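Those protein sequences? They're chains V and C, same order as listed. Going by the working numbering, the residue at position 67 of the first sequence is 67; the numbering climbs one at a time, nothing skipped. Going by the working numbering, the residue at position 246 of the second sequence is 1246; the numbering climbs one at a time, nothing skipped.
Hint data in this document are derived by calculation from the structure and do not stem from the laboratory. Certain hints may be false.
[As the list claims (entries may be wrong)] Beyond 10 Å from chain C on every Cβ pair, some chain V residues (computed): (1) Asp27; (2) Arg100; (3) Phe108; (4) Phe123; (5) Arg143; (6) Ser387; (7) Arg403; (8) Glu423; (9) Tyr430; (10) Leu477; (11) Val545.
[As the list claims (entries may be wrong)] Partial chain C-side listing against chain V, Cβ under 8 Å, derived: (12) Lys1162; (13) Glu1163; (14) Tyr1164; (15) Glu1166; (16) Ala1167; (17) Gly1172; (18) His1182; (19) Asn1186.
[As the list claims (entries may be wrong)] Partial chain V-side listing against chain C, Cβ under 10 Å, derived: (20) Leu96; (21) Leu145; (22) Ser386; (23) Pro390; (24) Ala454.
Only a predicted model underlies this, so the values are computations on that prediction, with no experimental measurement involved. For every residue, glycine included, the Cβ atom is placed at its ideal position computed from N, Cα and C.
These are the residues of each chain, in order.
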Amino acid sequence: MTAPTLAIEGLTVAVREADRGFRRVVDDVSFTIDPGQTVALVGESGSGKTMIGRSVLRLLPPVARIEAGRIAFQDAGVAPHGARVQDLARAPESSLRLVRGRAIGMVFQEPMVSLNPALTVGFQMMEALRLHHQLPAGEARKRALEMLERVKITDPAGCFRAYPHQYSGGMRQRIMLASVLVMRPALLIADEPTTALDAVIQKEVMDIMAALTRDIGTSVLLVSHDLGMVASYADQVVMLRYGKVVEAGKTAEILLAPKHEYTRMLLESLPARGARNEAKAADAPSLVEIDEVSVEFKKKPRFFWQRAEAFRAVDKASLTLKQGETLAVVGESGSGKTTIGRTLVRLTTESEGSIRFEGRDITAFDRRDLAAYRLKTQMVFQDPFSSLDPRMTLADIVAEGLRTLPGLSRLERDRRARAMLAEVGLPGDYADRHPHELSGGQRQRVSIARAIVATPRLLVADEPVSALDVTVQKQILTLFTALQKKFGFSYLFISHDLGVVEQIADRVVVMYRGRILECGTRDQVYDTPRHPYTLRLLAATPRIVRTEGQGYRLVRHSGAEGAAPSGFAYYAGRGEPVMREIAPGHVVALEAA
Amino acid sequence: MKALLRRPNAIAGGVLLLVMLVAAIAGHVYTPYDPVANDLMARLKAPSAAHWLGTDEWGRDVLSRLLFGAGVSMSISLFTVLAAVTSGTLLGAATGYFGGWFERVAMAILDALLAFPSLIMALGMMTVFGPSRIGVIAALSLAYLPSVARVVRGSVLSVREKEYVEASRVMGNSEPFTMFRHVLPNCVAPITVLATALFGWALLAESALSFLGLGVPPPASSWGGMLSDSRNYVGQAPWLALVPGISISVTLLGINLFGDALRDQFDPRMKNL
Chain V
1 MTAPTLAIEG LTVAVREADR GFRRVVDDVS FTIDPGQTVA LVGESGSGKT MIGRSVLRLL
61 PPVARIEAGR IAFQDAGVAP HGARVQDLAR APESSLRLVR GRAIGMVFQE PMVSLNPALT
121 VGFQMMEALR LHHQLPAGEA RKRALEMLER VKITDPAGCF RAYPHQYSGG MRQRIMLASV
181 LVMRPALLIA DEPTTALDAV IQKEVMDIMA ALTRDIGTSV LLVSHDLGMV ASYADQVVML
241 RYGKVVEAGK TAEILLAPKH EYTRMLLESL PARGARNEAK AADAPSLVEI DEVSVEFKKK
301 PRFFWQRAEA FRAVDKASLT LKQGETLAVV GESGSGKTTI GRTLVRLTTE SEGSIRFEGR
361 DITAFDRRDL AAYRLKTQMV FQDPFSSLDP RMTLADIVAE GLRTLPGLSR LERDRRARAM
421 LAEVGLPGDY ADRHPHELSG GQRQRVSIAR AIVATPRLLV ADEPVSALDV TVQKQILTLF
481 TALQKKFGFS YLFISHDLGV VEQIADRVVV MYRGRILECG TRDQVYDTPR HPYTLRLLAA
541 TPRIVRTEGQ GYRLVRHSGA EGAAPSGFAY YAGRGEPVMR EIAPGHVVAL EAA
Chain C
1001 MKALLRRPNA IAGGVLLLVM LVAAIAGHVY TPYDPVANDL MARLKAPSAA HWLGTDEWGR
1061 DVLSRLLFGA GVSMSISLFT VLAAVTSGTL LGAATGYFGG WFERVAMAIL DALLAFPSLI
1121 MALGMMTVFG PSRIGVIAAL SLAYLPSVAR VVRGSVLSVR EKEYVEASRV MGNSEPFTMF
1181 RHVLPNCVAP ITVLATALFG WALLAESALS FLGLGVPPPA SSWGGMLSDS RNYVGQAPWL
1241 ALVPGISISV TLLGINLFGD ALRDQFDPRM KNL
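Isolated chain V (complex conformation):
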């Protein structure tokens, strides 16, 4: 049995807090990573998983310090005659610099900011090679190009000369991977490497990472909150909570047959398909009818005398939202799903098409009609940290939702706001607090309270749970369902998360590059998806579902990925698509014959 690549023993990290001394964020954590293995640190925010990852390279924020423990790293590269073990927790800065980048590589969450925008990709890749391996420029260049090819960059030589901003998030994360793995490190620390990416791209990046590290023999420390992804890619799992190890072991044993209560609670919080309320949506009258709506944005011209170029965010989309139902719009970023929602609440204006609300065309509304309409439609935003005015108390924030309702005194507005806050689970003196005193989930509750305080008919929810931990996510989804039952709202639920959508939606619309590709009831779309894009989307989203007994199962939709049969329309530029109804209520975009 070989020695482990990394052995962490009793690691304790504390963070200094204002006037309160030190608080332990990592508490007596021990685990090992064997050569070639992938170990995942899993936990909710505040579990200390990122701190552990950063401790290994001693890249902790200035307020944090390692209080105790050993981080034994098997450094096979430094001493040619044999492996040398270093304690990274105590190693001097000078020897850490030999380890960082060369023996241990790190990939961060934000691909947009982890590459230097001012330097070419090639320069950044060669920098480390030349620094640590003293390679001549030609040799370094050769290796960098090779690695770019292996992360499936189509034009490695072009990429070598290009700047990071010329690439999308997924491509940048591949480039990042290439530039880290070109050093052939013994260990790769990947901190939420694909969290900022769309499902399909997420899978591509993870597949590349898994294949490459296997080939090179690099061990991986994967830091993630995504249980489905961890279950698909990790050999071992270390489950963390409040900085302590809850449970650790083989992935299959921990995630699919959990023993610890906390792990089970997390798994139970994962979105799951509930029984669909057939009666709810069957033949309710329609509330919103969107007919052939397109939305165009003007790109900013380079010089002010130039004409602005137009970009189509939504391309002739048609959909119907019935009263009291939840219609989910799914798709990756840039698919136009958010734009549809924003057009409905009149934050953007369509360039063509009509939108009927309760039978009246809202595109022709004047000021007064619009004011009345705004009382009937509301929106819940994605980012709980930016959707509430930091200067106002919760009661004032929610009461503002009643401002345009005529005939209400200030006192009455305040009273209703407080009642609504209690309704969403923030009773009593919460009303006098400010947003910064709340957690993300609580803020999202305030955002919901503000949206529904004037009892609208339609609620547009734009990724309302994407920024939340799974346990909180579950609570908010439950709240959405309960409020719908009580007040009869219709939801337009915009999300990239197929799991969440599966739990909450009655009907699902799949969008891609501004077009609606498939639309049907939840069961139709999830069980009998027809459009190849829907198949790809489902195949890229691993889910953990409960089996009959006590255990869990990892499910990946095994659609015919990649094998796109001809006849399905993808996006604009390939001719006008035709929407064909293939089953009652199940519509798919086909290319015009």
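Fit chain C to the known structure of chain V by using the hints.
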């Protein structure tokens, strides 16, 4: 207000400002000597029991001139800051919030103005307005307006993107309401910081204008004027430079301390610190 008094910054800054304010008012009500009366027998006298802070080259009492000048200098700075901040905020907010061709034209003009050092601008305008208190205020506030507008526009641009601003629109609030209720209050911090800095710049700029003979016309006293008059006598009579210099510094210190405390006070996130 009570909470403000718990901040040491606010107390220290407030006391300094209060002293200066009392001096400014006192200087217009009573001074030991006539601040403009020459006494050529008592030129450049060092501080003594008769003249606490000495006399200047015309034999005028420095303490009297200081007290009278306090009102002149501080009112010039105060009104300059008020005028520049109010107009700059409105202009910056309007350009930042509404965008479009209005923004492009307004910003092009402001950028052009910003290309001139503000003192040069003020100089140019003084030749139009002529040397007077109002002239100084008008020239300085016009000179500072572009920088205020720039700063405000920058922070409006970032606040405008916040989701609570969109939420306000979705709730049916009018644009001006959204502007004054959600956008501007969240830009207060940089505006306060800039306003305190401007106050200092205005005090110094007033002295620079006086130095060039374009400030408050003599023989009326102002701190800047006193400072510039002292330049020929720094070796013989250092108190002539020290007295207005220290007064300007202390006032600036008071303004800065108080401004910082105000900024923290307006930010609910800092409430319990």
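Quick rundown of the hints versus the structure:
No Cβ of chain C approaches the Cβ of V/Asp27 within 10 Å, the least distance being about 27 Å, so the stated non-interface status holds. Look at V/Arg100: its CB is around 34 Å from the nearest CB on chain C, clear of 10 Å, so calling it non-interface holds up. No beta-carbon of chain C comes within 10 Å of the beta-carbon of V/Phe108; the shortest separation is about 24 Å. Non-interface status of V/Phe123 relative to chain C is upheld: no Cβ of that chain comes within 10 Å, the nearest being about 31 Å off.
The non-interface label for V/Arg143 is consistent with chain C: the shortest C-beta to C-beta separation is roughly 42 Å, beyond 10 Å. The Cβ of V/Ser387 sits about 4 Å from the closest Cβ of chain C, inside the 10 Å cut-off, so the non-interface label is violated. The beta carbon of V/Arg403 is not kept farther than 10 Å from every beta carbon of chain C, the shortest such distance being approximately 7 Å. At the 10 Å boundary, the C-beta of V/Glu423 stays outside the reach of chain C, the nearest C-beta of that chain being 18 Å off.
No beta-carbon of chain C comes within 10 Å of the beta-carbon of V/Tyr430; the shortest separation is about 15 Å. V/Leu477, annotated as away from the interface, keeps every beta carbon of chain C farther than 10 Å; the closest lies near 20 Å. The Cβ of V/Val545 sits about 33 Å from the closest Cβ of chain C, beyond the 10 Å cut-off, so the non-interface label holds. Below 8 Å, beta-carbon pairs count as interface contacts, and C/Lys1162 has one with chain V at about 5 Å; its hint therefore holds.
Taken as an interface hint, C/Glu1163 checks out: its beta carbon lies about 4 Å from the nearest beta carbon of chain V, inside 8 Å. Satisfaction of the interface hint for C/Tyr1164 is found here, the shortest Cβ-Cβ separation to chain V being roughly 5 Å, below the 8 Å cut-off. About 6 Å separates the beta-carbon of C/Glu1166 from the nearest beta-carbon of chain V, less than 8 Å, and the hint is met. Because the smallest distance between the Cβ of C/Ala1167 and any Cβ of chain V comes to about 6 Å, under 8 Å, the interface hint for this residue holds.
With its C-beta approaching chain V no nearer than about 4 Å, C/Gly1172 sits inside the 8 Å limit, and its interface hint holds. With its C-beta approaching chain V no nearer than about 5 Å, C/His1182 sits inside the 8 Å limit, and its interface hint holds. Among the interface hints, the one on C/Asn1186 holds; its C-beta lies about 6 Å from the nearest C-beta in chain V, closer than the 8 Å criterion. For the restraint placing V/Leu96 at the interface with chain C, the shortest Cβ-Cβ distance is roughly 35 Å, beyond the 10 Å limit, so the hint is violated.
For V/Leu145, the interface hint is violated, since its Cβ never comes within 10 Å of a Cβ in chain C; the closest pair sits about 39 Å apart. A cut of 10 Å between beta carbons decides the hint on V/Ser386: the least distance to chain C is about 5 Å, and the hint holds. Look at V/Pro390: its Cβ gets to within about 6 Å of chain C, closer than 10 Å, so that hint holds up. Given the 10 Å rule on beta carbons, the hint for V/Ala454 holds: about 8 Å separates it from the nearest Cβ of chain C.
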